[in-house]
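2 protein chains.
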Amino acid sequence: MTKPTISVQLSTAKKQKPEADKLEFGRTFTDHMFIMDYTAENGWHDPRIVPYQPIEMDPAAMVYHYGQSVFEGLKAYLSSEGRVLLFRPEKNFERLNKSNDRLCIPRVDPDTVLEGLKQLVQIDKEWIPQAEGTSLYIRPFIISTEPYLGVAPSNMYKMLIILSPVGSYYKEGIRPVKIAVESEFVRAVAGGTGNAKTAGNYAASLKAQEVAESKGFSQVLWLDGVEKKYIEEVGSMNIFFKISGEIVTPALNGSILEGITRNSVIHLLKQWGLSVTERKISVDELVQAHKDGLLEEAFGTGTAAVISPVGELIWKDESLVINNGQTGEIAKRLYQTITGIQKGALPDTFGWTVEVDKVSQSC
Amino acid sequence: MTKPTISVQLSTAKKQKPEADKLEFGRTFTDHMFIMDYTAENGWHDPRIVPYQPIEMDPAAMVYHYGQSVFEGLKAYLSSEGRVLLFRPEKNFERLNKSNDRLCIPRVDPDTVLEGLKQLVQIDKEWIPQAEGTSLYIRPFIISTEPYLGVAPSNMYKMLIILSPVGSYYKEGIRPVKIAVESEFVRAVAGGTGNAKTAGNYAASLKAQEVAESKGFSQVLWLDGVEKKYIEEVGSMNIFFKISGEIVTPALNGSILEGITRNSVIHLLKQWGLSVTERKISVDELVQAHKDGLLEEAFGTGTAAVISPVGELIWKDESLVINNGQTGEIAKRLYQTITGIQKGALPDTFGWTVEVDKVSQSC
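Chain order of the listed sequences is A and B.
The numbering of the first sequence is the UniProt record's numbering, which starts it at 1 and goes up by one.
The numbering of the second sequence is the UniProt record's numbering, which starts it at 1 and goes up by one.
Some clues are possibly wrong.
What the hints assert, rightly or not - Derived DSS-like pairs (lysine-lysine); straight-line CA-CA distance at most 30 Å: (1) A:Lys280 x A:Lys270; (2) B:Lys228 x A:Lys228; (3) B:Lys270 x A:Lys98.
As the list claims (entries may be wrong) - Covered stretches of chain A (in silico footprint by chain B; criterion: 3 or more residues with CB under 8 Å from a CB of chain B, positions within the stretch not fixed): (4) 153-166; (5) 182-191; (6) 197-208; (7) 331-337.
By construction, these hints were calculated from the structure, which means they are not laboratory data.
Note that the structure is predicted; figures quoted are calculated from it, not measured.
The beta carbon of each residue, even a glycine, is placed where N, CA and C say it ideally should be.
The whole structure should be built from the sequences, with the hints applied where relevant.
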């Protein structure tokens, strides 16, 4: 297969880069973006890199009305030797296409979008922050653009990739959070869109998050929508528990997002010879394990925070303090290992990192 | 309260209107649109009518990523005496604010948006088609616009109202449809967003609809997401059945949209002295009633079609032909009565219609 051709139009006016210590998550964007169009006649076409700019859409564009929208999140890191590294980007585009299938959006060619992503990151390489814990957040997304109010899959789409330099998720070091088990609102149900990375799932989650924050919790722990009994996810992350030496995480059941960090964590734990099981976990089991002094650790996994330790779980009127509210050993080791591999500081035995420079030089 | 002030900028170039017999649903838009902005500092502000035009948005605008989007659908009709009538528009804005609450979008002032809607319809009055069954479809909607990738409610929104002249839903007269009971995909679950009119619900419904159409069915009949046993909605309409003389419709349970046509139908049936009950209806009950020869009618209710008779229900391998595949008496009477009231041809005993001319003259 020949390499996809991506046209490039460079920006003439470079924006000012944010100061390293003032980086926030997802507020500043780089000088360029990737864009590609889809029409029923021509399929996906015209992949191009252009200056970062507003997009102009008809008010009847279907995404505003019927929400056909999928996205991904990954990061580019600068190693201490100045190498630009991506972490398992092919997994993101594999998942993007799964989300596309669920949302009736035409699949993209993974080679084209990965090449576009690499060239974009290469062009905006100076935007990758260098400080500990910082990175360049990458947001590929697809939206339906046909101006039509019929409830049907759109015949026109745009795919974009935008980049945002982000600060350390843990400004004062990795810190356990307090989360509330959600008993009223439901994030997703089997047969719904819970395992697709689509806008509507996030819209549906805001209310519970708002209520939880107003009560002083950082995140909500979602239960299944059918029995409201089994653990699903925490906020927008997957969740792991260590119960009496066994590490467990909810099995992928159709309503849980198949996290790439989740997958990496499972691989690492197995490599370390630790017992890790994907299965149903009820909230009752957690409460009982806590009573018995066997709930040893809990942590979320996701691209933004990598590993987010849970120090306290609230279920109805009960408070379950985990590991004295401290970051557990497993969470610490996972965080250090994954971020070490991502930054090129530790050996990449799984072949997870993809270097951007090398590839683009071979164009 | 003083009347809200809505600034008006008229279009200088009028578009060509579509021919009456070529009207489709939701493909053509009028010369003007209503728009209003929200910021955390200023609240909802600057309501205005401007020429219909594309909107320019940052690629990071939150609606593209996290789907905070709510909408409404209603119609304006031209009576035989040339009066412009809206049908229960205050109910739409009441429901819009309920959807806003669920999606963490700030409420709008119903008086302002209703006044904006009336002025907009008045300005684009020439676009209201006159032929039997035609009308001007009205689409108010709100989208989140803040350029930010954090998962949180947006601090910026736009509300728009756009207008589209639409043809008769039944080109060859009211015609019963064949629908399949959906057993794999789920539209919504209690605790989710099923009772809000938000984009994600429609995105989630596309796949099942695509599968149903490929098998020759017009629509899917949704079951509840928990037990997959109880009837919820048909396609994007509410559903009614006549079983052994009793008219029944699923009770509002948190995952069913509170349809305005549904509400009007219940009022009319009661006015006619007919028995109408809102309750749980299982698919097993329908199958049994059909076997016993007691499933006498089925019809969907919604703004687009008003009343959509169901001639055949498919459940697994069973086919339930209803009323010999013909439109039932109740469906016919409801369709004639509601469209008659909407067009000003029948007495409006409930005070459902709102005349646009009169109101705007009093400005």
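Now for the hints, and whether the structure bears them out:
no. : hint                : result
1   : A:Lys280 x A:Lys270 : holds (19 Å)
2   : B:Lys228 x A:Lys228 : holds (16 Å)
3   : B:Lys270 x A:Lys98  : violated (48 Å)
4   : 153-166             : holds (count 4)
5   : 182-191             : holds (count 8)
6   : 197-208             : holds (count 10)
7   : 331-337             : violated (count 0)
Against the hints set out earlier in the document, violations occur for numbers 3 and 7.
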